Every structure is written in C-alpha cells, then in structure tokens.
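Residue numbers (my numbering), protein chains in the order written: chain A, 4 to 393; chain B, 322 to 452.
Everything labelled a hint here was simulated from the structure, so no lab data went into it. Check before you lean on any hint, since a few could be wrong.
[Said to hold, decoys possible] Label-pair restraints from in silico Cβ distances:
1. A/Y131 to B/R448: 24 to 30 Å
2. A/P279 to B/C365: 36 to 42 Å
3. B/G366 to A/G303: 34 to 40 Å
4. A/S60 to B/D336: 33 to 39 Å
5. B/G452 to A/L103: 54 to 60 Å
[As the list claims (entries may be wrong)] Chain A regions said to be covered by chain B (calculated; three or more residues, Cβ under 8 Å):
6. 84-91
7. 134-140
8. 196-207
9. 327-338
Small disclaimer: the values here were computed from a predicted structure and weren't measured. Ideal Cβ positions, reconstructed from N, Cα and C, are used throughout, including at glycine.
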Amino acid sequence: MTYRPVSSFVGVAESELGTVTGQTPLRMMASATLDALGEAGLTLADVDGLFTAGMPSWSPALELADYLGIRPRYLDSTDVGGSSFEFQVASADAAIAAGLCTTAVITYANTPRQDRHIAQPPRPDPTYIFRDTYERPTGLLSPDIGPYALATDRYMWEFGVTSEQLAEVAVASRHWAAMNPKAFRYGKPLTIEDVLASPLICDPLHTADCCLITDGGGAVVLTSHERARDLRTEPVAVLGFGTAISHGTVTVSGDLIRTGSRVSGAAAFRMAGLSPADVDVTQIYDSFTSTVLLTLEGLGFCGDGEAGSFVEGGRIRPGGAFPLNTSGGGMSYCHPGRFGIFLLIEAVRQLRGECGERQVANAEVALAHGTGGNLSSSATVVMRKGSVDE
Amino acid sequence: MSDWPYNPDADPYRDGLARGVILMQTCGACGQVQFPSRVRCIHCGAAEVTWTEVDGAGTVYAKTVNRRPAEAAFAALVPYAVALVDLDVGVRVMARAGVAPEQVQTGGRAVVYPDPDPPVLPGLLFRPVAG
C-alpha cells in the first residue's frame, strides 16, 4: 500500500540572517515561527505539533515549547544533522495523518557567527564514541570537512570529476545569490578561477568549496490539505518523501559516494507518483560542492559519474535548464549549521511565485533534499503548488 | 591516557596498540571480524567475541590532505594525509599516513600499523606498499 501524504505547507519564514547581534536561537526560532504562522493567519494557539533540532539544550523541544508558551501534544527533536527538517516533514505528515496533531511547526536557528563575539563559557564538544576512539587519533579535520573531503577524493578517483566541475556549484550559487538581497554573498561575484585559487583546507576541497558559516533561523508550518484550503496563503502540498541513513561517522561507512539520496529520492518519487523529469525547481543541500554532485546522481537527475558534466554550461545557473539552489544555498545565502530548513522555505516560495528576480517561471513541482552529518542522513521532499482534494 | 574516552569495548584494542599489534574482535559463532568493537557480534548477535591480532594489509579507499591541524598536537605534522583503508580482513579503518601526502594513492595497496608516537591518543598509521 502506498502512503499518500496528507499535509501542505501553509507558512514559511526566516529569522534575521547573516551576522546577528543580541540574538539567541530561541528568539530567532520564535520570530520565524510567528511570522510563518502569521502569513497563514494562524496563531501559536493553533500549534499542536512542534519539531526542532540542533539547539544545544538539555531538551530542545521542551525548552522551545516553554519559550513559545505552548503545550503541543506532539513533539519531535530527532537530530540527524542538516537534513533533520526534511526528516521532520515526514514525521509531521505521518503525525497529522494519524490524528496525533493537526498543525505542525518545524523550526531551527543558530548563531555561530555571533557566538564568536560573546563571552560565554565554552561548551564541551558533543561526544560520538566511534569518532572519539578511532578517528580523533588520526588528526582528520572533523566532524565536517574531513569526511566530505574523503568522499570527494573517492568520487574524483572513480569518475574523473574535476575541481572545475565542483567549482561550478559554488559559482552558480553566487549567480543566484546576486538576485537575493538576503544572501550573505549578495553582490559578491565569484568565478571558477576564484574557487580554484582559494586555499585548500582538506584536499581536494578548497575554502570556496565549503558552505558559509552565518547566523540565522527559519520555520515552516504544515497542516492538513483540508485545513490548508481555508488559510491565507496558497498551499503547497507535500506529494512524497523519503528518508535514509547510510552511516553516522565515516569509519563505519560503506560506499561513500552512492549516498542515501538513492534510497530517499526513489521513495519520495514513488510516493509522489513522479519522476525526476517532473521537477521544475530543485533545492539540494550544498554543504560542500561535491555534496550537490553526489546528490544529483543519487536522486536520478543524471547517471553515476555524470553530475560534473551535468552542471557545466550554465545548466544550474539562472536562466539554465535546471534551476538549482535558487536562494544562493548554503554556499552564498546563509548557513547557520543545519541548512535543511531553508531548502524547504525556498522551495515553497518558488512554488508560490514569490521570488522576484530569481523566480523560476511556471514552477509547479519542487524538490528539497537534505543531507546531514558526514553524508550520513538523507531526506527528500517532493511538493506541488495548489490545494489537494482529499 | 587521560583523554581516551571511556569505551570499555575498545580497551583491548588500545592495549594492543601500546604493544604494537592491531587487535580486533572475531565472532566465535559466525567467524566474522568486526570493527569497531562492540558488546556483541553485529552480524549474528553472539556474545562470544574473541580478540585476535589482524593483518594490516589493505587498500586505500579514499584519502585527504589536511592543510590545517585538527588540534594543536598535529600542528608540526601539517600537511598530513588521512585515509580510509579497507583491510583485507573485511573491515574499514581510518589512519594517518606515516609518509608524505604525495606518496599516497587512492586505490593503492597499503599496510596499517600502530602509531609508535601518537600525538593525542593511540591510533593507526599507514604506508603505501607495492601491490
């Protein structure tokens, strides 16, 4: 039996982005949540499902509920890294289908830039026993760039993908960011040569192959298709989703370059009754340039080893045949640690036709794909504009 | 070492490295080697796992060159290569190159061995070998 999603996105919002001052993740999540509810004509009193991840708290969901002053009957703070919010779309839809909640908020915020300037006691690094025991002794730059650099090396070795092809992902993101005034790199052009000339940190990844580190937060609101019809915003229906994990830390990885996106993407398309060719606008987590190429292959937009040539020739830039990461993505727009929430926000806005200069014409179907951890967790959400009859 | 995480699963492994050998768990029921070590066999669930010395021969699955030290103790080693090495016994390990980064080839044969002078914690080194 095929599961049919029951919910629609009815509100999306960002908090303040970039380099913030005088902020906390709680303040930013509350602001984004209220703005996302507000555009739908909803209030906190309507929220009976609360989803969050990534806040360094004894209990993120409890602390956020206290701060918002709400007592939702369904809570989820599953944390699998930057894709957590795509995973939570799946959980929220299932909870709404099961009658466990009717209106769900998914929210995230963090302030890694501001934190550099605030005098506060250092937080101990989170533990991960396999990493602490078997990887720390090697001196790998971890938990972020080192594992991705290993995957990128393997990818280039197996398929002959070049640094220039990887760089195109960063350059295209900068072209999109030039049309997004909220983007951290707005008005800051970037060329392939710039990327290749930026310092290597973990070969083969250069500084400019990496996502940004900014402050920021966001929220999305999901409710039943039926309820969505009566709200102020044009609904965007969840059509399909899929989730997968392949490993936590790379010591226990299998094939690092055939990622969980193969499983999550196939599941999402099957549930939606669609294929990659049906997608009009795509948001793929761009933690590193290589993450995007591996994911394009995993989702079936091109074959194995073909993503490097797929992105060439302006295909993923504005005006190209495959509009990708239209906000500027984690490379050029913002990246406060777990970017997945912003993939959903931009996908919904594109389908509502609200993106101004960077709007993709006639966009009906969007895909958002989160990747978390060290290419560890993958979740795909396929959505379509307009209301759905139940 | 004071920074060694509390991980009783790995005590024999750590003690082996100090003696210059790589010890891993072999399942008494299904015979498979598992790494990292755990309380029981992840392949069949059996509790009878025994520690045996394994051969460090393997193939470099992927490598990277760290241009910045992960922590201060590695600063003098920069740049250094770190790789995932697939051992012939059927498990993957992470190890730092005991040779210059240029000598490391993805897909090349290598041998993994205990680091005689670990910067922070007992761990593994590797070096390419003719294959």
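Now for the hints, and whether the structure bears them out:
1. Between A/Y131 and B/R448 the Cβ separation comes to about 28 Å, which falls inside the hinted range of 24 to 30 Å.
2. For the pair A/P279 and B/C365, the supplied restraint of 36 to 42 Å holds, since their beta-carbon distance comes to about 39 Å.
3. The hinted range of 34 to 40 Å is satisfied by B/G366 and A/G303, whose Cβ atoms lie roughly 36 Å apart.
4. The hint said 33 to 39 Å for the Cβ distance between A/S60 and B/D336, and at roughly 38 Å that hint holds.
5. Against the hinted window of 54 to 60 Å, the Cβ-Cβ separation of B/G452 and A/L103 comes to about 56 Å, which satisfies the hint.
6. Counting residues of the region 84-91 of chain A whose beta carbon lies closer than 8 Å to any beta carbon of chain B gives 0, which falls below the threshold of three, so the coverage claim is violated.
7. For the region 134-140 of chain A, the proposed coverage by chain B is satisfied: 6 residues have a C-beta within less than 8 Å of a C-beta in that chain, meeting the threshold of three.
8. Only residues whose beta carbon comes within less than 8 Å of a beta carbon in chain B count, and the region 196-207 of chain A has 6; three or more means the coverage holds.
9. Coverage of the region 327-338 of chain A by chain B is violated in this model, with 0 residues showing a Cβ closer than 8 Å to a Cβ of that chain against a need of three.
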